[in-house]
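Heads up: the sequence lines are chains A and B, in that order.
Position 86 of the first sequence, counting from 1, maps to 93 under the working numbering, and the rest follow consecutively.
Position 783 of the second sequence, counting from 1, maps to 784 under the working numbering, and the rest follow consecutively.
Just so you know, these hints were derived from the structure itself, not from any lab.
Mixed in with the good hints there might be a few duds.
[As the list claims (entries may be wrong)] Using C-beta positions, here's what the derived DEER-type ranges look like: (1) A/95 to B/28: 24 to 34 Å; (2) A/48 to B/482: 54 to 64 Å; (3) A/98 to B/28: 27 to 37 Å; (4) A/48 to B/473: 54 to 64 Å; (5) B/482 to A/86: 54 to 64 Å; (6) B/489 to A/20: 37 to 47 Å; (7) A/98 to B/417: 36 to 46 Å; (8) B/318 to A/98: 50 to 60 Å.
[To be verified] A short, non-exhaustive set of chain A residues, derived as facing chain B with CB atoms under 10 Å: (9) 41; (10) 44; (11) 45; (12) 63; (13) 66; (14) 68; (15) 84.
[Stated by the list, open to error] Residues of chain A placed beyond 12 Å of chain B at every Cβ, according to the derived structure: (16) 27; (17) 98; (18) 102; (19) 107; (20) 108; (21) 120.
Glycine is no exception: its CB is placed at the ideal position from the N, C-alpha and C atoms.
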Amino acid sequence: MAKGRASDRTDVLQGTLDLMVLKTLETMGPLHGYGIARRLEQVSDDLLKLNEGTVYASLMRLLHRRWISASWGASDNNRKARFYAITASGRRQLTRETENWGRIAGVMARLLRTARS
Amino acid sequence: MWTRASLIVSRLRFALFRRRVDEDMRREIDAHLELLGDRYIRSGMTREEAYIAARRQFGNALSVREEIHDMNSLPWLDTTWQDLRYGARLLRKSPTFCVVAIMTLALGTGVNAAIFQLVNAIRLRSLPVEKPQQLVSLRIDQHGKGRVGRGQAGGVFTEPLWQEIRSQQTAFSSLIAWGNEQWDVSTDGEAVLGRGLYVSGTFFDALGVRAQIGRVLTDADDRKGCGEPAAVLSYGFWQARYGGSPDVVGHAIVLDRRPFEVIGVTPPGFFGVEVGRAFDVAIPLCAEPLMRGQFSGIGNRAFWWLDVMGRLKPDWTIERANTHVAAISPAVFESTVPPSYKVEWAKNYTAFTLTANAAHAGVSGVRTAYSTQLWVLLGATGLVLLLTCANLANLMLARSTARAREIAVRLAIGASRGRVVRQMLSESALIAGVGALVGLLLATWISQTLVRFLNAGTARIFVDLSPDWRVFAFVAGSACVTCVLFGLSPALTATRRDPADAVHLGSRSSTDGHEAVAIRRGLIVVQVALSMVLVIGAALFVRTLRNLGAVDLGFDPNVVVASVDLRRTTVRPEARTQAFAEIVARLGELPGVRHAAETLIVPLSGADWNGRIVSGGVVRDGDVHFNQVGGDYFRVMETPLVAGRTFDNRDRPDAPAVVVVNETLARRYFPHVDPIGQTFQMDLPPGAAQPTYHIVGVVRDAKYLRVREERTAAIARFSSTESSAMFLPIAYLAISQGTMRPPDVRIVVRADAPQRSLTGAQGAITRAINDVAPGAAVSYSAVTSYIDALLVTERLIAWLSGFFGVLAMLIAAIGLYGVMSYLVTRRRIEIGVRMALGAGPGMVIRMVLAESAALVGAGIIAGVVLALVAARYAVSLLYGVTPADAISFAFAVAALGFVGLVASWIPARRASRLAPTVALRE
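Put together the whole structure using the sequences plus the hints.
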């Protein structure tokens, strides 16, 4: 049971994955779980080696926070699949997180640059 | 912070649809794996390779599904639900234990909740009116002086005072006044008394009470003169009498033979503002003169019959209102001094001050009357509940011993102690929860029965017993407390043992730690102590009741009281005296009637007439109580004449006024002289006729107001100077000398044979009365029922405490039996060795009994100490016994000693019958 025992590292990793999934849905529009996994693989140029199952845990977390919504639809080969779409509050969260990341990245870059000299 | 809370809400939301979510997830993941597999197949792998590769890429599908499953609930919710289901399963396996535990707990909780319901209804509940916190009741602080004039029980104000307060106050947005009365609501034949209210026009409006049908009284209905008097019915009366028919509006209702138009009905649940009292019919204050005629209270500055309440203005507090009414008091009282008052009375009167008191729970005479009793009962039921918990704790301890192995295994494979304790507690929680629910159902029934018991006499008490949130909270609270009390300790003890020891258990030898045994012993001591307190209490209250039943009343209460009302007859006021005399003569001639006599006031009926007397030109200190009786009165009541004579034909209205006094009056006001021939006058306002009364006879003391007369306030003042003030000083005037006779009188009738009841003869009596005065209204009561009503609480407490005492002994006996059996089993090997070495069965029995005697003895001592402390609180409820009454204590010691002996006898005998070889084989 993760609650209460999750290390900070796991939380950060989870949070990062959630952000990636959220961004994917914003860019690509409604997708099913398999589609999200493929997109992540594509965007990271195959560098990101995560277990694709974690995407579903991430999707559940995002559903809890109502940043995405889910509905059943038909996939390309006409199979029944569940599609996830970002919500308005999800978009707002995405904006916030993006700014946050930008800020951290900037600080880290400056720090690391100075350390090198 | 908020996100945390909303997350929890989300989790719960998903928890409801968990199964579907899990199912959906499974389908999604399966589809995902299939797609992955297809991709690998397209890239050239074989089916099996693709399968493996897909799963490798996906990760552990099962753990993902598990993780998601766990996300959709709160962790503790899951485990608690698990524990409860497991607990339920365990309980189902031992149905007898389950049923016994639940039923005993239900009984304990139910009785507790029933008494609390009464406490709640009488003390705690707010009135079912609009914004009851704004209600304030007004009272008069008399600064130790009395009020002079005519009073009704519960009447605080006169009508002029009410008008004056109304015009001078500025603290209240509205003021209401009401007075209680009883009217004959029948249309013919035997009188049926209904409970009535005189209400001010503001009454219903100020309380925010709207009509159920029709309309309620408003200010417009309370104009002086009262053109068309209207009446409002209560919901209960409407249902009972008119079957809830809506065409009652506009109909006439006859009150004391006067017609009123029914204009509406109040909603159900509204009973007025006095807790303990309900009304049937309410009419406006302006209609009071119609009912009371010359005895009306309107404009009468010396008739105290109204009660007043106000609704505070929005920004006023009670303290501010109190200051305000105290400030306007001088003006209010100055302007309403009765003109007939003497100087001294007027001085006392103008010094009165008004006080404002919180009244969100209404006002109540019942509240003060029953408050100690209710708390004592609540304490007793609390003890009974504790006893049941102690018993259950013992049982739970035994059960946990049986599960010792299972618990050891759980602990060994890594369950935390807290987790196992929680699981064991869930079993207790189930028992406590179900027991409390059943108890709640029982409680309503029990409290209704109690109120019906209290209403058996003439005391008509009405309380709203519908359960409100306080009762539910109380029951929930007791469930939690009992669960912890009997579940926690066994659970903690069971998990304290080293798992290694437990796993090595032999099949039958008990390896309970010392702690478990000590707890069981301790519980028995506690049970015996608590039982002692209850049994001692029972003994004290039963003795009190018996003492009260044997009180010397000064007369024989087995008389029938016939109330005769001549209002509907053609008898003129001047002819009333003769009509009554003729009725009494007729009744005396009836077969089966030995004597009959008129009386103004029937003893113990609650009516009172008192005042001071003037003798030797000096107003004497202290109140004398008066009555007006016919000549045969003392013969009817069987009060012996001690000196002189009683009333006879000499005592006509034109003859000198005569009076018969009782011994207390003679002793107190005319000491050391022969009272016969002494005279006194009544302390009356100037202007009224001041007859000089000549004492012609002295009768034995008799009770007037209460069986426990010594509680009457008047006596309390004298008790320091007199050794035994058990009776009030009473002066009996001659009814034959009365001039202005009211239209009603009470006639006391004694039957021929001592035990002969006159209920059958009531018809004959009514006929005889109607022969003399056709159309007279006759109603019957009995002095014995007045006494029953006065003693009803003592009876209730005696019965209840007796029941609790017996129950307590039973529970303690069962507990003791269980523990002694257990202790004997524990010592089996030791007993076997002793017997093998030559000890006889007698010695074994003595051994076992000694152990039990030690436990019971300790409990008795503890109980005695507890009882001594507790009994002091209930001293006001006792009569003829002190809180440390030796006989009661001795009885309790003997009873519990006997119970202890009986309960330990069987295990002792079983121990003595053990064959040593069997015992040692373990």
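Against the structure, the hints:
Remark: the range hint 24 to 34 Å for residue 95 of chain A to residue 28 of chain B is upheld by a beta-carbon distance near 28 Å. Checking the proposed 54 to 64 Å range against residue 48 of chain A and residue 482 of chain B shows it holds: the Cβ atoms sit about 60 Å from each other. Look at residue 98 of chain A against residue 28 of chain B: about 28 Å separates their beta carbons, and that is inside 27 to 37 Å. Between residue 48 of chain A and residue 473 of chain B the C-beta distance comes to about 58 Å, which sits within the given range of 54 to 64 Å.
A beta carbon spacing of about 58 Å between residue 482 of chain B and residue 86 of chain A agrees with the range 54 to 64 Å that was offered as a hint. Hint check: residue 489 of chain B to residue 20 of chain A, Cβ distance near 42 Å, so the stated range 37 to 47 Å holds. Look at residue 98 of chain A against residue 417 of chain B: about 44 Å separates their beta carbons, and that is inside 36 to 46 Å. Distance hint check: the CB atoms of residue 318 of chain B and residue 98 of chain A are about 53 Å apart, consistent with the given range 50 to 60 Å.
For the restraint placing residue 41 of chain A at the interface with chain B, the shortest Cβ-Cβ distance is roughly 5 Å, inside the 10 Å limit, so the hint holds. The interface hint given for residue 44 of chain A is met, as the beta carbon of that residue sits about 7 Å from the closest beta carbon of chain B, less than 10 Å. With its C-beta approaching chain B no nearer than about 9 Å, residue 45 of chain A sits inside the 10 Å limit, and its interface hint holds. Given hint, residue 63 of chain A at the interface with chain B, holds; its Cβ is 6 Å from that chain's nearest Cβ, closer than 10 Å.
Hint on residue 66 of chain A holds. Least Cβ distance to chain B is approximately 9 Å, under the 10 Å limit. Evaluation of the residue 68 of chain A hint against chain B yields a held restraint, the C-beta minimum of about 7 Å falling below 10 Å. The criterion of a C-beta within 10 Å of any C-beta in chain B is met by residue 84 of chain A, whose closest approach is roughly 9 Å, and the hint holds. Annotated as non-interface, residue 27 of chain A keeps its C-beta farther than 12 Å from every C-beta of chain B; the closest such distance is 16 Å.
Remark: the non-interface label on residue 98 of chain A is consistent with the geometry, its nearest Cβ contact in chain B lying 17 Å away (cut-off 12 Å). Every C-beta of chain B lies more than 12 Å from that of residue 102 of chain A, the closest at about 17 Å, which supports listing it as non-interface. Under the 12 Å C-beta cut-off, the non-interface status given to residue 107 of chain A relative to chain B holds; the minimum distance is some 16 Å. With a cut of 12 Å on Cβ distances, residue 108 of chain A stays outside the contact zone with chain B, its closest approach being about 19 Å.
At roughly 35 Å from the closest C-beta of chain B, the C-beta of residue 120 of chain A stays outside 12 Å, upholding its exclusion from the interface.
The structure shown violates none of the earlier numbered hints.
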